[in-house]
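Peer 1: As a plain string of letters, each chain reads:
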Amino acid sequence: MLAGEEVIEQMWGVSLDRLYESAEGQRILSCIQCGTCAGACPYGEHMLYPPRRIITMLKAGLIEEVFDSDSLFKCVNCYTCMTKCPREIKLTEILLPLVKEQSAVRLEEMPAELQKAIENTYRYGNSYGESARKRAAWIDTIDVPIRILAKDPTPVDILWFVECDLSYHPRGQDAARATALLFHLLDLDFAILGPEERCAGDCGRLSWEPGLAEALVDYNLSIFEKYRFNRIVTNDPHALDAFKYRYPMFEFKYKTTATVPELHRHLDRLAPMLSRKLDYLVTYHDSCCLGRHNGFYDEPRALLEAIPGVRLVEMEHTRENSICCGGGGGGMWLDTWYKQQDIERLSDRRLREVIATGADVLAVACPYEVSRFEDAVKLAGYEDRIIVRDITELLVEALGGH
Amino acid sequence: MSISIFVIAEHLEGTLADMTFEMLGKARQLADEHGGMVTAVLAGYNVAQLAEQLGAADALILIEDELLAEFAPQPYQDVISGLIRERAPGLVMVGSTSMGLDLAAALATTLNVPMLSSCIDLSVEDDAYVVTSQLYGGKIMMETAVTAGTAIAQILPGAFRAEDGQRAGTPTLEEIPPGLHPENFRMRFENFIKPEAGDIDITQAPILVSVGRGIQTQENIALAEELAEALGGSVSSSRPIVDQDWLPVTRQVGKSGMSVKPRLYLALGISGAPEHVEGMKNADLIVAVNTDPDAPIFSVAHYGVVADIFDVMPALEERLGERVS
Chain A
368 MLAGEEVIEQ MWGVSLDRLY ESAEGQRILS CIQCGTCAGA CPYGEHMLYP
418 PRRIITMLKA GLIEEVFDSD SLFKCVNCYT CMTKCPREIK LTEILLPLVK
468 EQSAVRLEEM PAELQKAIEN TYRYGNSYGE SARKRAAWID TIDVPIRILA
518 KDPTPVDILW FVECDLSYHP RGQDAARATA LLFHLLDLDF AILGPEERCA
568 GDCGRLSWEP GLAEALVDYN LSIFEKYRFN RIVTNDPHAL DAFKYRYPMF
618 EFKYKTTATV PELHRHLDRL APMLSRKLDY LVTYHDSCCL GRHNGFYDEP
668 RALLEAIPGV RLVEMEHTRE NSICCGGGGG GMWLDTWYKQ QDIERLSDRR
718 LREVIATGAD VLAVACPYEV SRFEDAVKLA GYEDRIIVRD ITELLVEALG
768 GH
Chain B
24 MSISIFVIAE HLEGTLADMT FEMLGKARQL ADEHGGMVTA VLAGYNVAQL
74 AEQLGAADAL ILIEDELLAE FAPQPYQDVI SGLIRERAPG LVMVGSTSMG
124 LDLAAALATT LNVPMLSSCI DLSVEDDAYV VTSQLYGGKI MMETAVTAGT
174 AIAQILPGAF RAEDGQRAGT PTLEEIPPGL HPENFRMRFE NFIKPEAGDI
224 DITQAPILVS VGRGIQTQEN IALAEELAEA LGGSVSSSRP IVDQDWLPVT
274 RQVGKSGMSV KPRLYLALGI SGAPEHVEGM KNADLIVAVN TDPDAPIFSV
324 AHYGVVADIF DVMPALEERL GERVS
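Residue numbers (this note's numbering), protein chains in the order written: chain A, 368 to 769; chain B, 24 to 348.
Since the hints were derived computationally from the structure, they do not count as laboratory data. Treat the hints with caution; some may be incorrect.
Unchecked claim - Straight-line distance between alpha carbons at most 30 Å, and here's what the computed DSS-like set of lysine-lysine pairs gives:
#1 K622(A) x K518(A)
#2 K284(B) x K483(A)
#3 K304(B) x K745(A)
Claimed, not checked - A short, non-exhaustive set of chain B residues, derived as facing chain A with CB atoms under 8 Å:
#4 Q275
#5 S279
#6 P297
C-beta atoms are modelled at their ideal positions from N, C-alpha and C, and glycine is treated no differently.
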């Protein structure tokens with residue numbers, strides 16, 4: 368794996384027509400056509416042009432035909448092809464977003480749901496189309512003191528970037544409340560941006576609408592500049608990706624981590640607080656961005672194992688082989704489009720693996736996953752067999768006295 | 024002040040659009056109150072027979088040419104701008120429709136006259152036409168007074184009642200030559216593509232009987248359809264029902280389906296996931312029936328019933344039947 372700075376160096380300014388001028392473009396020429404990428408892709412079987420064929424077409428000068436297909440609308444930015452590539456070609460980071468952008472431009476009609484999400488994000492700074500002023504409304508629903516920087520701009524250690532789903536989605540807010548309580552009990556020095564925060568411009572939107580992503584980067588950077596903080600912590604692994612890999616191209620220099628590894632750092636203090644036994648058989652779903660792209664496989668498991676009574680069981684595909692929930696790469700807003708293409712949603716496919724483990728609880732660490740898997744559970748009629756919980760929710764449930 | 028209003032008639036496939044009558048009705052009312060002339064302008068090809076429906080106008084100017092058979096922006100701009108320049112009416116009413124949006128701005132720039140968009144009301148005060156326009160999607164209203172010269176007003180569909188403009192009788196007919204300049208036309212009408220005859224449009228239904236997982240089986244959807252019929256509404260659903268292929272995707276309400284705003288939304292066995300609520304929270308009246316008192320649907324419902332939908336549906340239908348008889 369390349370070091371972060373090296374990746375950024377190679378991604379900056381790469382466009383399709385200048386692809387071969389970059390080191391990363393040169394690397395594409397080294398493709399040995401082994402087909403590992405296409406075979407590993409969760410939607411590869413539904414693509415006319417899976418990654419391997421895209422490279423063939425690119426080399427043959429026939430890339431326009433790829434743009435005219437809807438193959439890359441089925442790419443969920445799960446980093447599987449890139450992680451598996453024996454030549455270390457940065458498919459998910461470089462080639463596929465460039466192709467996606469061109470495919471979207473040529474599409475006769477954007478799927479309505481995706482278009483609405485993009486428009487909402489442009490207008491309101493969140494895909495829900497909710498008012499920015501309501502972004503911190505959830506903090507009134509808990510007793511934990513939460514500092515908003517605009518009201519008290521004194522320097523702070525952690526800027527907690529809450530992100531859209533935790534701010535607006537009722538199930539996301541459950542995780543926001545749980546996270547706030549955990550940070551508070553661990554005595555972390557944290558504050559949020561509240562109404563000043565806007566969507567980080569996650570990996571999905573970065574690929575479909577680079578212009579929108581740049582506008583969001585500019586905006587968020589201008590807000591970051593107003594305050595003094597040491598580092599950023601976010602619950603959303605997509606935001607982590609944005610801050611770690613995209614924002615640095617725009618001179619963003621803050622250290623960023625996700626909530627799960629942050630909590631894991633304090634496990635020695637957190638573990639004694641977990642006094643309530645939870646007699647659950649838990650299976651953990653590795654988030655693509657947290658796991659495959661950033662390598663946090665052990666931290667979420669260690670947090671779950673710290674809960675008394677919890678027993679962990681693994682699914683058939685786990686860690687770097689985990690199957691995406693289908694929400695990345697814009698998939699969050701293509702559910703009906705997939706349905707119309709007669710393609711099974713990845714969350715439905717993944718749920719079968721969950722059920723096969725016999726677990727009582729599916730633990731997740733990405734805000735997309737709670738609603739996606741709860742939907743899948745409902746559709747499959749497994750409401751009585753399995754519940755879906757964010758790791759932070761399970762930790763709070765185990766707090767006992769608090 | 025004696026008014027002088029031109030109404031640009033809109034027609035498609037031999038039928039006058041309601042928009043035409045909506046504008047004529049309002050213009051007629053102003054002319055009756057203040058005196059003056061309402062002139063309908065009908066451009067097209069073989070459309071003379073439509074004149075007999077335009078009785079609300081005092082006069083009709085008919086312009087016929089093969090190039091005007093179907094709407095295309097340039098030929099229409101060409102004939103109508105020439106006419107307005109020559110006759111100089113006080114106000115020209117154009118629909119805020121696909122056709123009118125193409126036409127109005129081009130007329131205004133060609134003639135160098137003011138244009139008022141998104142108009143929802145019109146009155147005459149002293150020596151001026153006072154036009155009320157919507158700003159910011161209706162959050163703010165703007166009043167503009169047109170005191171001299173000609174102005175173009177783009178009227179929002181539904182601002183006035185079509186019935187007021189539907190009067191039989193042929194106004195005084197004047198046919199003028201088109202005087203087109205086809206050498207300047209860079210756009211032409213190719214063909215008219217009709218949308219496929221599809222399912223009902225749930226966004227237009229005044230009453231929606233919406234079913235969720237609580238309906239249990241595909242066969243039970245017939246019960247909801249009976250109830251919808253008794254209420255004079257249509258059946259919609261949450262996503263799981265469409266995922267099961269029990270209803271087509273055109274019936275789906277929510278984030279990945281339609282956003283609806285009916286007068287009544289009856290949510291039957293819908294738990295109210297945020298993705299669903301996003302598409303129906305703005306309904307005028309929401310009534311939810313669910314066996315689970317903690318179902319989130321009750322937080323957006325105006326009325327909630329904690330009960331089995333299979334008890335409520337037949338009971339409701341029975342009472343509705345009694346009312347009708």
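Peer 1: State for each hint whether it applies.
Peer 2: Results for each hint:
A distance of roughly 24 Å separates the Cα atoms of K622(A) and K518(A); the hinted pair therefore holds under the 30 Å criterion. Straight-line distance between C-alpha atoms of K284(B) and K483(A) comes to about 17 Å, which keeps the hinted pair within the 30 Å bound. In summary, the hint linking K304(B) to K745(A) is supported, as the alpha carbons are separated by about 21 Å, within the 30 Å threshold. For Q275(B), the suggested interface contact is upheld, since its CB lies about 7 Å from the closest CB of chain A, less than 8 Å.
The restraint placing S279(B) at the interface with chain A holds, with a minimum CB-CB distance near 4 Å, inside the 8 Å limit. A least Cβ separation of about 5 Å between P297(B) and chain A falls short of the 8 Å threshold, and the interface hint therefore holds.
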